[in-house]
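Colleague: Here are the chains, one letter per residue:
There are 2 protein chains.
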Amino acid sequence: MENMKKTIAIDMDGVIADVEAQFISWYLRDYGIIITREDLQGRNEDNAFPEKGLIRKFARTPGFFLSAPVMEGAVEALKILMEDFEVYIVSAAMEFPLSLSEKLTWLNTHFPFISWKNIIFCGNKNIINTDYMVDDHIKNLDNFKGKTIMFHAFHNVSYNHHTRANNWNEVISLIKQDF
Amino acid sequence: MENMKKTIAIDMDGVIADVEAQFISWYLRDYGIIITREDLQGRNEDNAFPEKGLIRKFARTPGFFLSAPVMEGAVEALKILMEDFEVYIVSAAMEFPLSLSEKLTWLNTHFPFISWKNIIFCGNKNIINTDYMVDDHIKNLDNFKGKTIMFHAFHNVSYNHHTRANNWNEVISLIKQDF
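Chains as they are written, first to last, in the working numbering: chain A, 1 to 179; chain B, 180 to 358.
Just so you know, these hints were derived from the structure itself, not from any lab. Among the clues, some could well be false.
Here are some chain B residues pointing at chain A (derived, C-beta under 8 Å) [said to hold, decoys possible]:
1. 273
2. 274
3. 279
4. 297
5. 307
6. 351
7. 352
8. 353
In this text, a Cβ means the ideal position worked out from N, Cα and C, and glycines have one as well.
Next comes chain A alone, as it looks inside the complex (with noise of 0.2 Å):
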């Protein structure tokens, strides 16, 4: 039975962890800079902040994925989404080796109704084969042969060829109504 589900492969950054959330509360930790989630709209990840690579930086210290906040509405969507599709957490997480660790324990704390057999960390995701995908990475949805839908973040402001889901209600609502 579990088989003849449709699969989904839900994103991690940005999708089920705030990390923008994450990056904006370090950057006023480390310099005292208020930052707010307007400031970073429509900039990339390399100049989201003034100090270049701050991101990569950040990503690469320890405790940061430990403690990222999860996205609102995230885990409710999941438990509902589980109902009818085989759910997969697929991260881009093996630029950043120190996460692997620090992420499999976040899904384990905030997401424990997810199997360990369902967690997919990898380099890149072009070898993923769902039926559907989402994340807010062009760079994983336009190599996707599934159903997209491009959770909102402030670096793909500008793009619209993907189906664009603001929120976890509406990742629902589009998946409902089968976009």
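Using the hints, position chain B against chain A.
Modeller: Just chain B now, kept in the frame of chain A:
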């Protein structure tokens, strides 16, 4: 150009990492008893050694994967495959969380020519989509949609519904003749 290459998913344990040799070596070290490769033939992973669950216990012990020997011929074979294929390392590592960082370090040590972009650690391999898969486990090969090569291991000797390769030379031969 890169995307035009056919893709191949290569398993780690029992395929490029000689965990069989590692089990035998650790068993001798901890129990003082010599078990040979021949002794293991036809057994499954649960009853491979007199002590039930020993393989899972070893797999959960720090250092097990980090110090596993490289499978004979694997380095040379992967270099050959990379000339014609986009090679992905796909390991079902998620069941043993400690193994994640050890496996990544092991790969970087013994296969430094494999990019982090081409490494995947997963629970099951159900959503992995490549043209070929080289694996020793029936459960991975049976769910796979592309061409399969079953790498010989003690636990798969009684299965014959996948093309068997007894070593890396045979893998290369099979792929070259596009079996």
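Colleague: Does each hint fit the structure? Answer for all of them.
Modeller: To see whether the hints hold, each was checked on the structure:
no.: 1; hint: 273; result: 4 Å, holds
no.: 2; hint: 274; result: 6 Å, holds
no.: 3; hint: 279; result: 4 Å, holds
no.: 4; hint: 297; result: 6 Å, holds
no.: 5; hint: 307; result: 6 Å, holds
no.: 6; hint: 351; result: 21 Å, violated
no.: 7; hint: 352; result: 24 Å, violated
no.: 8; hint: 353; result: 20 Å, violated
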